[in-house]
Amino acid sequence: MDLERYTALFLSDSRDHLQRCNELLLEWEREPGTPEPIAELFRAFHSIKGSSAALGLAPITELAHAAEQMLAGLRDGALLPAPEVLDALFRAVDGLADGVEAVARHEPPSVDRPLLDALRELAPAPVERTGEIASSERRLQERPRVSSPKLRPPGRQVRVELERLDALLHEVGELVVARNRLAAIADREIGSELERVSGRISGLVGGLQTGVLRARMAPVEEVFDRFPRMVRDLARDLGKEIRLDLQGTEIELDRALLDGLTDPLTHLIRNAADHGLETPAERVAAGKSREGTIRLRAEGARDGVIVTLADDGRGIDRVGVHRRAVERGLLDADALTPDAAGLLRLLSHPGFTTRREVTQVSGRGVGIDAVLTRIRSLGGRMELKTAPGRGTTFLMHLPVTRAIVRALIIGVAEERYAIPFGLLAEAAVHEATEGEVTLRGEPLLTVDLRKTLGLGNGVHRRRPAIVLDIGGRRTAVVVDVLLGQQDVVVEQFAPPVGLPSWIGGVTILPDGAPALILDPAALF
Amino acid sequence: MAHTVLVCDDAIFMRTMITDILTQAGYEVVGEAETGAQAVEKYRQLKPDLVTMDIVMPDMGGIEAVREICKKNPEAKILMCSAMGQQALVVEAIQAGAKDFVVKPFQPSRVLEAVQRLLG
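In order, the protein sequences belong to chains A and B. First residue of the first sequence: 101, per my numbering; consecutive thereafter. First residue of the second sequence: -7, per my numbering; consecutive thereafter.
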């Protein structure tokens, strides 16, 4: 038996089923009046039971069977959908998810004896199987299927392992590099047959690249969908009332980015629930609704996707952050209270926290540093907005893909660098050898790349500057020469320790020379 | 010519496994169905020599599908695939016209034995 193949099928199938179980249970809990989703839940548990049994994963089979028995009881009316029953089903889903993830890690799933006992205690004793029960079981199958609010797009779908798409994308990346080299050669012979063929190949490679990138896209709902359940549990644990509002779930992102987004979002949502939102009593005292809202929203932007996580809680205590920063020696005592960007910088110091107690939910410290590092590693950037008493918003700007980016190639001294187009606003000319770039009379916050690279002051008076839009603020980077734009293929590499944060990656230029990709937002 | 089979199960896992077992033994799986309604429709289109039928499926359960198929072709060779603890349903399926059953988790040899017996 091709165990690996079946295991992969089992994993993807079971994860889908468990995700659906969570959705159904949440729906059921929120609106107990809706047609009870017993039949679909039953089928999901039943399917997991069957496939886990085939793979000899007894602990999972046993748990799925126990959950199935509870549903049989609910169906037959022997059990009522009381809160503790739904809770037990939620825990069964968790237990099954733990088992499935253990299998994914190539570990044997463990038996959660207390959970099994709890489920069995709730489930009514199995009734003698008679014809009558059989027909009731048939009734169960014939119940109308609870319509899912999110219909999958029509058309046939196939499952493909991400590694295969990665390999394909890598090949396309190499092809793009080769195409760029060819185009560079063909450009020397304008009007030649070589140039025409090169142009044709460029178009075809472009189409292939778009196609492969599109095949890697998945809707953000695949990540967002796990949060309703998480927020429900958080609200219970924290004694708060929380509404989670999901928007733009159909927006698509590259699979790899999507996977990388799960942890930071989980972290920020926990923070929002734990630290951001007040208790119902506090909210009422402040003249707000009892129920706090966390809004998670994805929207398309010019250069990628913006994911926003907003809460309507108490906001970040700037004065408290300031005090802690001074205590920790991160700020001088007479420093001004930080603005939003400064606040984010302070919060993202490893282990920085304004809370002294450790809570069960979000643990010690805010851990914004981990979130920020991850967002940056995904090629994105983050902004913070907060208003006292009104809440906190994190904006994450993400590229649609991180594999191939459109970049401006610039030169400083003998070296060439690539700057992703995402942040570019316009180009300007720097008239002086030092000081700030002025754009239409306005001085801009300026970084001279020569200085950053340790090459001393600029030698020419008139040098090009790239004007960037970082969180609504115009900034300028002064370089030696602008060399043109290019699709660059971001090569994956493990950054060595001590690599400056403004180096975002590495790529190969059309002539075969390597170039560093700069993350201009990290220069300021 | 190889005997043709229609595999009906809502779990892709089970469909894959049954298809593998049958294909390796030289049978030709000509179609798969995920729901009872699909099973009936595909049976009509493909006229397979044999059908493997899961009991618990959305839209229309396996037993109902057996009944529908046998209404049109009482000779249809249908092998029920049931989970443990569904004995009563198996009895009902046989009454509805299924010819034999196997219990999940499958022993490939048991599946093939039942298939061979049905196809004579």
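These are computed hints drawn from the structure, not numbers from a lab. In this text, a Cβ means the ideal position worked out from N, Cα and C, and glycines have one as well. Please note that the accuracy of each hint is not assured.
[As the list claims (entries may be wrong)] Using C-beta positions, here's what the derived DEER-type ranges look like:
id, chain 1, residue 1, chain 2, residue 2, range
1, B, GLU33, A, ASP266, 20 to 28 Å
2, A, GLU129, B, LYS64, 29 to 37 Å
3, A, ASP333, B, GLU33, 37 to 45 Å
4, B, LYS64, A, ARG213, 49 to 57 Å
5, B, GLN87, A, ARG213, 38 to 46 Å
6, B, VAL83, A, GLY156, 23 to 31 Å
7, A, VAL297, B, LYS64, 58 to 66 Å
8, B, GLN87, A, ASP176, 19 to 27 Å
9, A, GLU341, B, GLU105, 57 to 65 Å
Here's how the hints hold up against the structure:
1. B:GLU33 x A:ASP266: 20 to 28 Å: violated, 38 Å
2. A:GLU129 x B:LYS64: 29 to 37 Å: violated, 43 Å
3. A:ASP333 x B:GLU33: 37 to 45 Å: Holds, since ASP333 (chain A) and GLU33 (chain B) (Cβ atoms, about 42 Å apart) stay within the stated range.
4. B:LYS64 x A:ARG213: 49 to 57 Å: The hinted range 49 to 57 Å holds for LYS64 (chain B) and ARG213 (chain A), with Cβ atoms some 50 Å apart.
5. B:GLN87 x A:ARG213: 38 to 46 Å: holds, 40 Å
6. B:VAL83 x A:GLY156: 23 to 31 Å: Holds, since VAL83 (chain B) and GLY156 (chain A) (Cβ atoms, about 28 Å apart) stay within the stated range.
7. A:VAL297 x B:LYS64: 58 to 66 Å: For LYS64 (chain B) against VAL297 (chain A), whose Cβ atoms are near 59 Å apart, the range 58 to 66 Å holds.
8. B:GLN87 x A:ASP176: 19 to 27 Å: Distance hint for GLN87 (chain B), ASP176 (chain A) holds at roughly 22 Å.
9. A:GLU341 x B:GLU105: 57 to 65 Å: Check passed, 59 Å falls within 57 to 65 Å.
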